[in-house]
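Student: Protein chains in written order, with UniProt numbering: chain A, 1 to 77; chain B, 1 to 324; chain C, 1 to 580.
Since the hints were made in silico from the structure, they are not lab data.
It cannot be assumed that every hint is accurate.
Mimicking DSS-like on lysine-lysine, the simulated pairs with C-alpha atoms at most 30 Å apart in a straight line are [what the hints assert, rightly or not]:
| no. | chain 1 | residue 1 | chain 2 | residue 2 |
| --- | --- | --- | --- | --- |
| 1 | C | Lys126 | C | Lys193 |
| 2 | C | Lys146 | C | Lys117 |
| 3 | B | Lys255 | B | Lys292 |
| 4 | C | Lys434 | C | Lys193 |
| 5 | B | Lys194 | C | Lys126 |
| 6 | A | Lys18 | C | Lys146 |
| 7 | C | Lys324 | A | Lys18 |
| 8 | C | Lys193 | C | Lys531 |
| 9 | C | Lys545 | C | Lys92 |
| 10 | C | Lys117 | B | Lys255 |
| 11 | C | Lys127 | B | Lys255 |
| 12 | A | Lys18 | B | Lys78 |
| 13 | C | Lys39 | B | Lys99 |
| 14 | C | Lys127 | B | Lys292 |
| 15 | C | Lys146 | C | Lys127 |
| 16 | B | Lys161 | C | Lys117 |
| 17 | C | Lys126 | B | Lys161 |
| 18 | C | Lys553 | B | Lys99 |
| 19 | C | Lys324 | C | Lys117 |
| 20 | C | Lys531 | C | Lys553 |
| 21 | C | Lys447 | C | Lys544 |
| 22 | B | Lys161 | C | Lys127 |
| 23 | C | Lys96 | B | Lys99 |
| 24 | B | Lys99 | C | Lys127 |
| 25 | B | Lys234 | C | Lys126 |
Examples of chain A residues lying across from chain C (beta carbon under 10 Å, computed) [said to hold, decoys possible]:
| no. | residue |
| --- | --- |
| 26 | Val13 |
| 27 | Arg38 |
| 28 | Met48 |
| 29 | Arg77 |
Pair by pair, the computed Cβ-Cβ distance ranges are [what the hints assert, rightly or not]:
| no. | chain 1 | residue 1 | chain 2 | residue 2 | range |
| --- | --- | --- | --- | --- | --- |
| 30 | C | Ser550 | B | Glu295 | 52 to 58 Å |
| 31 | B | Leu193 | C | Asp313 | 29 to 35 Å |
| 32 | B | Gly69 | C | Ser316 | 47 to 53 Å |
| 33 | A | Gly44 | C | Leu10 | 31 to 37 Å |
| 34 | A | Ser40 | B | Lys136 | 55 to 61 Å |
| 35 | C | Ser298 | B | Glu289 | 35 to 41 Å |
| 36 | A | Thr43 | C | Ser316 | 36 to 42 Å |
C-beta atoms are modelled at their ideal positions from N, C-alpha and C, and glycine is treated no differently.
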Amino acid sequence: MPLASYETSVPVVVDDAKCIADKGCTVCVDVCPLDVLRISDLTGKAFMAYDECWYCMPCEADCPTGAVTVNIPYLLR
Amino acid sequence: MSDPFEAYDDLDELDDRLNAADAGERRVAIIELANSGDPGAVVHLDRMTADPDPGVRQQAALALGEFDGPDAAAALAKLVVDPEQPVAHAAADAMAELKDPASADPILPLVSHSHAFVRMAALRALKELRRKDSLKPALDALRDVDASVRVQAIGVIGFLKLEESIPALTSATADVDPHVRRAAVSALAFSHLKPAAESITRALADSDWMVREIAAETLGTNTNGLQAADALIKALADEFWQVRLKAVRSLGKMKVTKAVVPIGGCIGHAQANLRKEAAAALGEIAMPEGRKFLEPIVDDADPEVRKNARWALQRIAANSATGS
Amino acid sequence: MAMDQILDGLSEVSCDVLVIGGGTAGPMAALKAKLKNPKANVVLLEKANVKRSGAISMGMDGLNNAVIPGYATPEQYTKEITIANDGIVDQKAVYKYAEQCYSIIEELDSFGIRFLKNENGDYAVKKVHHIGTYVLPMPNGETVKKAIYRQLRRARILISNRYMATRLLTGTDGRIAGAISVNTRTAEILVIKAKAVILCMGAAGRLGLPTSGYMFGTYENAANSGDGYAMAYHAGAALANLECFQINPLIKDYNGPACAYVAGPYGAFTANNEGARFIECDYWSGQMMLEFYNELQSGKGPVFLQLNHLHDDTISEIETTLHKVERPTRGLFHEGRGTNYREQPIEMHISEIGFCSGHSASGVFVDEFARTTIPGLYAAGDMASVPHNYMLGAFTNGAVAGTHAMDYADNTDFADFDAADVARERDRVMAPTKREDGVPPNQIEYKARRLVNDYLQPPKVTRKFELGQRRLAEVRDDMENRMIARNSHELLRALETQSIVDCADMAAHASLYRTESRWGLYHLRTDYPEKDDDNWFCHTLLSKKDGKMSSEKRAVEPYIVPIADDEKDLYDKQRIRASA
Ligand SMILES: Cc1cc2nc3c(=O)[nH]c(=O)nc-3n(C[C@H](O)[C@H](O)[C@H](O)COP(=O)(O)OP(=O)(O)OC[C@H]3O[C@@H](n4cnc5c(N)ncnc54)[C@H](O)[C@@H]3O)c2cc1C
Ligand code: SF4
Ligand code: SF4
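If we strip away everything but chain A, and leave its shape as in the complex, we get (with noise of 0.2 Å):
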């Protein structure tokens, strides 16, 4: 069966001015319970790569420069 990829907004929003990834963290990526988040090879910074959140917070609180925003995923605001 042929796939099609789906459009979804994500949950996670990292401000890219603040994130250090390119300094060498990982910390969001490695707290998330459901291993969502990414550092890109693009930008070198953290990015929500899939859609797939508990909005539980742990990176947005272990976040050393606040760079990372939780929202509520939209089908449930």
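Could you slot chains B and C with the ligands onto chain A? The hints should help.
Tutor: Just chains B and C with the ligands, lined up with the frame of chain A:
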């Protein structure tokens, strides 16, 4: 394939990275030092308390929160006086997690610091450490100009549970600040002697309802609380139902028989929480006089009220059957 | 390396005690095992990262069931749990928990975990229930995991993050031999040989589909996909009372606890649309959920958490806890909806179904030493059968499991296992990565969980269950033969989907076996609406026999804390009967 286990890092290698020119890289090294869990990391972190970058110092404060003992405390003591607020706040929170009584040594001098925030943070940390030599500075701090400092001082004194501090706590129940008065009443709960009960009883007439509420609640736990029965009965007419509710509960707990009628008077109150507690208290006191208040509410629309009423009636029945 | 690329690799390690799941029970089990024998190797394997994994990833706002001297006694607690669980309780394990939990609180306190204290330093225990006083708030509880992680590092426990366990290995002699796991970012396989294994993989929380339709908007931490239940089943262990589903009251759509245990002691309560209380039942139980369900279905729904009668200052106090700890996005959610505790009541609903002993009674069967029916295999926390034990139960029984497992490991050697078992499991795990074409796991998972809602959610109807089983079998066929995983992250979801479908099958099988109604809404069967103590005053044990799912009865152990008839009656009389 890579090692499946989290590394127990090499501290020296991390120490090198603490010298990185880039502040972000220094922060990352600090995060790894914190993760190491190795108490040997503390000396390295201590070095970072003098870092020129406030973000790095804040990270150091968070990292130090992962450790305990006088060395970690000494490093935190340097950061809690930091001019940058986020750094000082992170250090204060980390200090509050210390558990090793020896951690008190570097913190004690901070109780007389010129900034109220530092004094408050120091006392907050000392509370959990329960060291006897923090009593004197805490008693002095009861005269602090800042109310949040006085609140924390009361905690230090209360946690130590020393009868000798009753007079000081008693005068604190007359403090100008209601938060201080609340804390003082709660702290007095450790003493079951008369003087404590007396000052808590006086607090039942406080101008602030939350002070009255905690006083009404605390009296129920005091073995001399019975002497406050009349004052508690008076509190059943308090303008705040929250205060009445705690008074009802304490009177029930202490099985004050003369309170049956006044408690019965609360049964008609609009606030279902209060009606429920009143029913329960009548059951605890278990006097036949309670029946006439309970019988009309066994089928109350509120399930909590009717449940407690039924339970109370059973208690009364059981009590009169055994004749006790 | 490209993101989540699939690497083919397999390695093997061995240890004395392997703990699987580093949420709540797991870290405590690992710590106690290590303290019992500091020379031994203890491995803690975790699908996520121990630092922030599991139900308590952002802390908890309180202990629901603390048995603290002066406030409650082990006897009283055991009685309450027995009654709340309709009598189907092996009391020994409950009693043991009740006796030991206070020392665990003190230990947690010494780790730097902050419980609410009065200004005299005593724990500020709150009364929520009618009889005992069990609730100890943790307004600053967000640092729980941090504090425990600290202890693990100090004890030099070997921590393996981002490894998902997929199957247990059993020895040729029937003893436990270890487990197989897969790295969730590289798909490399790690085989861990162990003398004893402790399962702490939490609830089966991704079984039903939340009403929001968002697959990860579950009540439970969505990483808890029921892998532990599935693994225990495939290893041949018995699972107890799986028909006693978990269903919880919560904030509608947000799907997190509204938190009666936080707000209750301050005077908040659950009310219907007339603002009136309607819950009769005292303890969190299936009976309470039935009352909740009935109200929702009646003209008196929706149901609300009512706080607007409280004083402004009181509400502020409640908010600081609710919006900082446990599910800290609660505040954000309310803000988005424009709801304020001061003005409007909060709309509530009931959760999707799941398995969980922490809140209910469905779990891998264990005795009072946390032993399962397989020698050397232990279980603790939400996935083990000790009922209603919540967070403190996970810590306490985790401690029990850790100590006993190390004792066992110290007196035994590695069990031999068949190398073909590893090869077979590797093929099974990797199969979705070998297909060129097929259905991605998110669609299979969605469909399976949608079927769970349509057919398995109580009230349970036999005919619907039979249809559900048929539909689920079709999904299973797709899953086993057509599911694809194009990177290692998708493989993680594919493997979780297999646990979810296994759990759905078990939920259906166990529910059909018990031909009576019990535990209020949890096992409300419309074709058997009455409780039938003559035939069903027993546990049910589900296990794999000759490759097939089978159920049997098991007698309830004689009570050690007797329940007088009038006590049962007193409780019963206050209840709304299901059939009324
Ligand atoms: C939202 C919420 C609120 C709650 N509120 C309270 C409360 O206020 N008070 C209270 O006492 N209790 C509360 N509870 C219950 C309590 O949190 C749980 O009972 C307890 O934490 C369960 O501990 P556990 O170790 O069994 O599971 P968890 O802590 O969930 O840990 C399970 C772990 O296993 C890991 N895992 C899962 N599958 C695998 C696999 N295949 N391989 C490796 N690892 C795996 C998971 O990632 C997770 O870390 C609440 C629960 C929830 C969900
Ligand atoms: S934790 Fe913050 S700084 Fe670090 S990678 Fe994530 S977003 Fe960037
Ligand atoms: S909110 Fe939780 S699940 Fe979502 S990205 Fe952050 S840590 Fe991960």
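Student: For the pair supplied as a hint, C/Lys127 and B/Lys255, confirm whether the alpha-carbon distance does not exceed 30 Å.
Tutor: With a Cα-Cα distance of about 18 Å, the restraint between C/Lys127 and B/Lys255 holds, given a limit of 30 Å.
Student: Straight-line Cα separation of B/Lys99 and C/Lys127 no greater than 30 Å?
Tutor: Holds, because 28 Å separates the two Cα atoms, which is no more than 30 Å.
Student: Is 47 to 53 Å respected by the C-beta to C-beta distance linking B/Gly69 and C/Ser316?
Tutor: 36 Å, violated
Student: Is 52 to 58 Å respected by the C-beta to C-beta distance linking C/Ser550 and B/Glu295?
Tutor: 55 Å, holds
Student: Tell me if the straight-line CA distance from C/Lys324 to A/Lys18 falls inside 30 Å.
Tutor: With a Cα-Cα distance of about 23 Å, the restraint between C/Lys324 and A/Lys18 holds, given a limit of 30 Å.
Student: Using Cβ atoms only, decide whether A/Val13 comes closer than 10 Å to chain C, and label the hint accordingly.
Tutor: 13 Å, violated
Student: Looking only at beta-carbon atoms, does the pair A/Thr43, C/Ser316 fall within the given range of 36 to 42 Å?
Tutor: 40 Å, holds
Student: When you check the alpha-carbon spacing of B/Lys255 and B/Lys292, does it fall within 30 Å?
Tutor: Judged against 30 Å, a Cα distance of about 18 Å means the pair holds.
Student: Within a Cα-Cα threshold of 30 Å, do C/Lys545 and C/Lys92 meet the stated pairing?
Tutor: Given that 30 Å is the threshold and the Cα spacing comes to 28 Å, the pair holds.
Student: Decide if the proposed pair is consistent with the structure: B/Lys161 and C/Lys117, CA atoms, cutoff 30 Å inclusive.
Tutor: 13 Å, holds
Student: Would the hint linking B/Lys234 and C/Lys126 be met if the CA-CA limit is 30 Å?
Tutor: Distance ~25 Å between B/Lys234 and C/Lys126 Cα, so the pair holds.
Student: Looking only at beta-carbon atoms, does the pair C/Ser298, B/Glu289 fall within the given range of 35 to 41 Å?
Tutor: 39 Å, holds
The earlier numbered hints that this structure contradicts are 1, 8, 18, 26, 28, 32.
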